[in-house]
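*Asks:* Sequence:
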Amino acid sequence: MDELSLVKKLLENVYLGTPQIHKNIVVVPLISPAAEAGEDSDLIPLQEAIAKGLRIKETCEVERVLVQNWTERDVFLMESEGLVGGYQNRAIAKSVVVAARSQRFVEVNCVEKGRWRGTRSTFDAAGMCYASLREEKLLSIYRSGSISQDEVWAEIDGRLSQGAKTYNMFSIYQARRQDIEEYMSHFYYASRSMGAMVIVGGGKVHLDLYWSARVMKKNLTRLLRSAVVETSPTPGGSYLPPWEVKSLLGEIPQAKPHALAGEDGGMSLLLASRKLISSALIYRGRVVHLSAHIDRSESDKITESELVDWVVKEQSVESEWERRAERNRRIEEDRSLRHKARLQALRFFGDVHKRRIGADVR
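Counting from 1, one number per residue, gives the positions in the sequence shown under this note's numbering.
The set of hints was computed from the structure by calculation and includes no laboratory data.
Here the structure is a predicted model, which is why all the values come from computation and not from measurement.
Some hints could be false.
[Claimed, not checked] Straight-line alpha carbon distances no greater than 20 Å define the calculated EDC-like cross-link-like pairs of lysine to aspartate or glutamate that follow:
no., residue 1, residue 2
1, 275, 244
2, 204, 155
3, 204, 300
4, 57, 124
5, 204, 72
6, 217, 48
7, 23, 182
8, 23, 181
9, 246, 304
10, 218, 124
11, 313, 244
12, 9, 251
13, 246, 182
14, 256, 12
15, 204, 48
16, 204, 150
17, 52, 42
18, 23, 309
19, 52, 72
20, 256, 3
[Stated by the list, open to error] Okay, the calculated beta carbon distance ranges per label pair:
no., residue 1, residue 2, range
21, 104, 126, 36 to 44 Å
22, 344, 185, 45 to 53 Å
23, 84, 264, 21 to 29 Å
24, 343, 184, 48 to 56 Å
25, 337, 41, 24 to 32 Å
26, 189, 59, 30 to 38 Å
27, 337, 285, 28 to 36 Å
28, 175, 264, 37 to 45 Å
For glycine and all other residues, C-beta sits at the position ideal for the given N, C-alpha and C.
From just these sequences and the hints, can you work out the full model?
*Replies:* What follows is the structure in structure tokens.
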């Protein structure tokens, strides 16, 4: 199966959960009935790996760091994941996997213009690039094959006040701290969701989808924070129609594959169309992470009351789906228990038969 087919299959096996709404942000969970818990996965996210002993070291080169993974698990580094420390704060340039018990250089971008000094030579994982910067980085790859450091700095500079001592991307989050906390109190992790679509202001759609529901649950806060800083101080009341949101999942695999590069850390696939830019990391035959940024600013909008009415109807449909899924799960469990009981009975009577034959021989 080729890489594009893997992306298509992944998207076909998820459905949209009940939208969560607050002001001008709508979060649509991407749910899989077969979402794996991932507790025993051989692949873990960066923050978890750092707690297990992974180290990220400064190389004195702006565009790469050294990742030493002496743990027993492969480690996933997500594009735009923030790194704090070293001589300058950085962000992962492209998603990559660092194999267990190995080390490798990883491409990064500087997100702190103006500082080149530090008291330590290692990094910690902290947050991620805000949504439009993530989009800009992918577009840079689409236009030139690599990420322009000047474009990254220009995007960050445009969001910070003039005269700052250093142009640190994380200062943007600090400036919106109260807004972020207020928004975050209105959103929650939806059971069995492996990703989410975050719709900002009715026009910009930011999508992330992971291989594991557990990883999605860990990343939800960071994804939402990266979208909240995109909101305007006076949010409007228009929203993208849910029936149009449903069609977005099918648009991603229809986009043209622009860049395909394979290496030990996984194969990266870039998909692009006039209103869409998307990337996927394929590792050992599965899509580890899929991100997409879709422009729907020109689409027709609906009011908040119309959106709420639709959500209420969808919740009743989803509740019925939940009841059916639970009933099917119990049927499968019952079948499994019956099958195990039959096997145990066969083994028992087989052992009895063997003992009888042994007794007859003696």
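*Asks:* Does the beta carbon distance between residue 344 and residue 185 stay inside 45 to 53 Å, or does it fall outside?
*Replies:* holds (51 Å)
*Asks:* Hey, residue 52 versus residue 42, does the alpha-carbon distance stay inside 20 Å?
*Replies:* This hinted pair holds, its Cα atoms lying about 14 Å apart.
*Asks:* Holds or violated: residue 204 and residue 155, Cα atoms, limit 20 Å.
*Replies:* Cα-Cα ~17 Å, so holds.
*Asks:* Is the gap between the beta carbons of residue 337 and residue 285 within 28 to 36 Å?
*Replies:* Given range 28 to 36 Å: holds, Cβ gap about 32 Å.
*Asks:* Checking one constraint from the list: CA of residue 217 to CA of residue 48, max 20 Å. Satisfied?
*Replies:* holds (13 Å)
*Asks:* Is residue 23 close enough to residue 309, meaning Cα to Cα at most 20 Å?
*Replies:* holds (16 Å)
*Asks:* Residue 256 and residue 3: Cα distance at most 20 Å?
*Replies:* The hint holds at about 13 Å.
*Asks:* Given the hinted pair residue 218 and residue 124, is their alpha-carbon gap at most 20 Å?
*Replies:* holds (16 Å)
*Asks:* Please verify whether residue 23 and residue 182 have alpha carbons no more than 20 Å apart.
*Replies:* With a Cα-Cα distance of about 11 Å, the restraint between residue 23 and residue 182 holds, given a limit of 20 Å.
*Asks:* Range hint 48 to 56 Å: satisfied by the CB atoms of residue 343 and residue 184?
*Replies:* holds (49 Å)
*Asks:* Decide if the proposed pair is consistent with the structure: residue 204 and residue 150, CA atoms, cutoff 20 Å inclusive.
*Replies:* Cα-Cα ~24 Å, so violated.
*Asks:* Below or equal to 20 Å on CA atoms is what counts here, so check residue 204 against residue 72.
*Replies:* violated (39 Å)
In this structure, the earlier hints numbered 5, 13, 15, 16, 21 are contradicted, and the remaining ones agree with it.
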